[in-house]
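Colleague: So for the sequence shown, the working numbering puts the first residue at 37; every next one is plus one.
Since the hints were derived computationally from the structure, they do not count as laboratory data.
Heads up, some of the hints might be wrong.
The calculated label-pair distances, taken between Cβ atoms and stated as ranges, are [unchecked claim]: (1) M103 x T141: 37 to 47 Å; (2) G89 x N154: 31 to 41 Å; (3) D87 x T155: 29 to 39 Å; (4) L78 x A113: 25 to 35 Å; (5) V75 x A113: 34 to 44 Å; (6) S90 x N154: 10 to 20 Å.
Even for Gly, the Cβ is constructed at its ideal location relative to N, Cα and C.
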Amino acid sequence: MQLHAELSASQERPLERSPDLAVAGAIAGRLTVNQRHNVETLVVLQPIAVDTGSPDREGMLVLANGMLVAVLVQLMAPEHRNPGYWFLESGFGSLRDLKPPAFETLEEAKRWLRQRLNTRDAV
Numbered sequence: 037m038q039l040h041a042e043l044s045a046s047q048e049r050p051l052e053r054s055p056d057l058a059v060a061g062a063i064a065g066r067l068t069v070n071q072r073h074n075v076e077t078l079v080v081l082q083p084i085a086v087d088t089g090s091p092d093r094e095g096m097l098v099l100a101n102g103m104l105v106a107v108l109v110q111l112m113a114p115e116h117r118n119p120g121y122w123f124l125e126s127g128f129g130s131l132r133d134l135k136p137p138a139f140e141t142l143e144e145a146k147r148w149l150r151q152r153l154n155t156r157d158a159v
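Produce the entire structure from the sequences given, and follow the hints as far as they go.
Modeller: What follows is the structure in structure tokens.
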């Protein structure tokens, strides 16, 4: 009974916000934002055959943090200016309307994709 009375009495008084708590909250808020911008997007490539209607069939699904964001296709047809390069066949979300040049390597493609995705996340 006495415990219940003490709890009731403490609930009647409004809690005062300590300046230390306000500072800690502001710092925590800034850390969350800054840490988010310091984390790179995890880009994973998964091999897949793509029916492009041409000899360009070797493809890679591009997953960013577990979501499908693009499909890359290796240019194999002899009429391509850069056979063996990787082409952004299709982009999704913020990559949908982008038309980058073909990439010489998959690492180059991943770097470009990660940069675009990190820029999108920072906005």
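Colleague: If a hint holds in the structure, say so; if it does not, say that too.
Modeller: Results of checking the hints against the structure:
| no. | hint | verdict |
| --- | --- | --- |
| 1 | M103 x T141: 37 to 47 Å | 23 Å, violated |
| 2 | G89 x N154: 31 to 41 Å | 33 Å, holds |
| 3 | D87 x T155: 29 to 39 Å | 31 Å, holds |
| 4 | L78 x A113: 25 to 35 Å | 32 Å, holds |
| 5 | V75 x A113: 34 to 44 Å | 39 Å, holds |
| 6 | S90 x N154: 10 to 20 Å | 32 Å, violated |
Of the hints listed earlier, those the structure fails to meet are numbers 1, 6, in rising order.
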